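Order-wise, the sequence lines are chains X and F. Following my numbering, the residues of the first sequence are numbered contiguously, the last one being 118. Following my numbering, the residues of the second sequence are numbered contiguously, the last one being 103.
Derived from the structure by calculation, the hints contain no laboratory data. There's no promise every hint is true.
Below, simulated EDC-like cross-link-like pairs (lysine to aspartate or glutamate); rule was C-alpha separation at most 20 Å, straight line [unchecked claim]:
hint, chain 1, residue 1, chain 2, residue 2
1, F, LYS68, F, ASP7
2, F, LYS68, X, ASP80
3, F, LYS68, F, ASP33
4, F, LYS68, X, GLU85
5, X, LYS53, X, GLU85
6, X, LYS53, F, ASP14
7, F, LYS68, F, GLU22
8, X, LYS53, X, GLU22
9, X, LYS53, X, ASP10
It should be emphasised that the depicted structure is a prediction, and the values quoted were computed from it without experimental measurement.
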Amino acid sequence: MSDPVGAALDALGDPTRRELYERILARPSRINGLAAAVTVTRPAVSHHVRVLKDAGLVREEDGLLVATVDPLPQLRTYFDRLWFEASVGEGWLRERFAVSRRLQAMDGEAAAPRRRTA
Amino acid sequence: MAAAAPDLFRALADPVRRRLLESLVAAPASAGDLSRRLAIPRVNVSHHLGVLAAAGLVELRQRQAAVKPGALLPIRRYFDEALTTAAITNSTPLRAVSRQARL
Numbered sequence: 001m002s003d004p005v006g007a008a009l010d011a012l013g014d015p016t017r018r019e020l021y022e023r024i025l026a027r028p029s030r031i032n033g034l035a036a037a038v039t040v041t042r043p044a045v046s047h048h049v050r051v052l053k054d055a056g057l058v059r060e061e062d063g064l065l066v067a068t069v070d071p072l073p074q075l076r077t078y079f080d081r082l083w084f085e086a087s088v089g090e091g092w093l094r095e096r097f098a099v100s101r102r103l104q105a106m107d108g109e110a111a112a113p114r115r116r117t118a
Numbered sequence: 001m002a003a004a005a006p007d008l009f010r011a012l013a014d015p016v017r018r019r020l021l022e023s024l025v026a027a028p029a030s031a032g033d034l035s036r037r038l039a040i041p042r043v044n045v046s047h048h049l050g051v052l053a054a055a056g057l058v059e060l061r062q063r064q065a066a067v068k069p070g071a072l073l074p075i076r077r078y079f080d081e082a083l084t085t086a087a088i089t090n091s092t093p094l095r096a097v098s099r100q101a102r103l
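Take these sequences, add in the hints, and give me the full structure.
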């Protein structure tokens, strides 16, 4: 999947699909177990599970549906970045790098006399 | 799992709305700015901004749209908890237990 974050977010937009995902996440489950726990029909559950699998959020092992770890760090980072840019943004980054450049410059000034006296 | 508003997920489940959000975090912009910048018809931009605003992700003020950073935190926390939970359920001993129990 070229855009794992987009694929996962597209899949989780549907509330029934999200409920199924959260059930699988909390406990690896079989299709039959899921179908018994929710109000939608078994074919609908199968369809939603197929979409979750295609989105890379869920995989099947010996008939057991398991939530995949893989796209989750990227999803968290995606929202970290959006939040960061929206709240503090580039101004903070510029200031942060300006501080580290000033520290490097001070290091350079401190190191230079030592080299001369050595 | 942390309860994140259903509207939030629905609003984010669209590639155009995600592009608008990604563009808006850098700086607030008007629908016209966004339409030109992203080459999306203005009527679509207005519609999608409305959905983002209804979900509480964006604030519309004086024809400018701005992201509300706090609204991103519940969904960030959702995936944080999902990651923790997935890492636990993917650990071998628990999986073996689930398999034995034929869950």
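Take the C-alpha atoms of LYS53 (chain X) and GLU22 (chain X), compute the straight-line distance between them, and say whether it is at most 20 Å. 14 Å, holds
Just to be careful, I want the Cα atoms of LYS53 (chain X) and ASP14 (chain F) compared with a cutoff of 20 Å; is the pair within it? It holds: about 19 Å lies between the C-alpha atoms, which stays within 20 Å.
Holds or violated: LYS53 (chain X) and GLU85 (chain X), Cα atoms, limit 20 Å. Distance ~31 Å between LYS53 (chain X) and GLU85 (chain X) Cα, so the pair is violated.
Taking only the CA atoms, is the gap from LYS68 (chain F) to GLU22 (chain F) under or equal to 20 Å? Holds: LYS68 (chain F) and GLU22 (chain F) sit about 12 Å apart, inside 20 Å.
Below or equal to 20 Å on CA atoms is what counts here, so check LYS68 (chain F) against GLU85 (chain X). 11 Å, holds
Pairwise hint evaluation, ASP7 (chain F) against LYS68 (chain F), where the allowed Cα distance is 20 Å at most: 15 Å, holds
Would the pair LYS68 (chain F) and ASP33 (chain F) pass a check requiring their Cα atoms to be no farther apart than 20 Å? Cα-Cα ~19 Å, so holds.
If you draw a straight line from the CA of LYS68 (chain F) to the CA of ASP80 (chain X), is it 20 Å or shorter? Distance of about 13 Å is within 20 Å: holds.
Against the 20 Å threshold, does the CA-CA distance of LYS53 (chain X) and ASP10 (chain X) hold or violate the hint? With a Cα-Cα distance of about 12 Å, the restraint between LYS53 (chain X) and ASP10 (chain X) holds, given a limit of 20 Å.
Against the hints set out earlier in the document, a violation occurs for number 5 only.
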